[in-house]
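Undergrad: In the order they appear, the protein sequences are chains A and B. Residues 1 to 132 (this note's numbering) make up the first sequence, in order. Residues 1001 to 1127 (this note's numbering) make up the second sequence, in order.
Hints should not be assumed to be uniformly reliable.
Quick list of simulated restraints, FRET-style, between CB atoms [stated by the list, open to error]: (1) A:D57 / B:E1058: 16 to 24 Å; (2) B:V1118 / A:P104: 46 to 54 Å; (3) B:Y1053 / A:M97: 43 to 51 Å; (4) B:Y1053 / A:V23: 17 to 25 Å.
Some chain A residues flagged as far from chain B (calculated, every beta-carbon gap over 10 Å) [what the hints assert, rightly or not]: (5) L12; (6) S13; (7) I18; (8) R32; (9) Y39; (10) M63; (11) I74; (12) T79; (13) L82; (14) L90; (15) L103; (16) P104; (17) A110; (18) I114; (19) I127.
These aren't lab readings, by the way, just hints derived from the structure by calculation. We treat Cβ as the ideally placed atom computed from N, Cα and C, and that holds for glycine.
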Amino acid sequence: MANADLKANRPLSPHLQIYKPIVTMVMSILHRITGAALYFGTILMAFWLVSAAAGPDSYQFAMDVFGSFLGRLILFGFTWALVHHMIGGLRHFIWDMGHGFDLPTANWMARATIVGSVSLTVILWIIGYIVA
Amino acid sequence: MSDMRTPLAKVRGLGSAKDGTTHFWRQRVTAVANVFLISFFVILVIALQGADYASFTEALQNPFISILLLLVILVGCLHMKLGMQVIIEDYIHSEGLKLLLLMGNIFFASIIALSSVVAVLKISFGG
């Protein structure tokens, strides 16, 4: 092993670009991406709360930012990421309990995650506009 | 001999990270709490959308709302700190950069948590 080629020319195991995307894999990736997005999305939460603590003028500024078209678009994405990550998390609870590992159930839950997250996000925003 | 446990018993089950299932367990405990806390948060944000300054501060001066909001902040920030730690450990293989990002992760989560907590407390105490 002394002259083993450690840096290059070694066979690589197949990676993401080789596999055909399947629904469980896409949901797994989305769970991580939404988690990371929510991580940075907390800046918005801190901005909202600190602006309010700083006084009426900065609170109004934050409201204008969130109320703008771009602000609403970002908040819509934030809502979806939140809902998607939560439903994905519920799926992890089911796996933690030792259930749902068989292929039909895993596939069904993966599809339910994306259908559920998109529908719930739209429903929440409809409710939001109704109560506004 | 104040400690009667053998060295083997002390390390058994702790694995290479030396903290056993602590990380996994905290991730799950905060996740369970977040199911309820984030649901509350979403409802609160919908209820407070477009609220003027007076009604916003009035809402946060309700102790039930401010206490739950503080829990949202603290549990949420702990959960995201744990999650981002895993992402960094998974993808960053250079030891120096990994260390730097793991520290930055703790700084970021702490700053978000503390600034949000101070903001909520200031408003809820009527300031």
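Undergrad: Checking against the hints above, which ones are violated?
TA: 4, 8, 9, 10, 12, 13, 14 and 19
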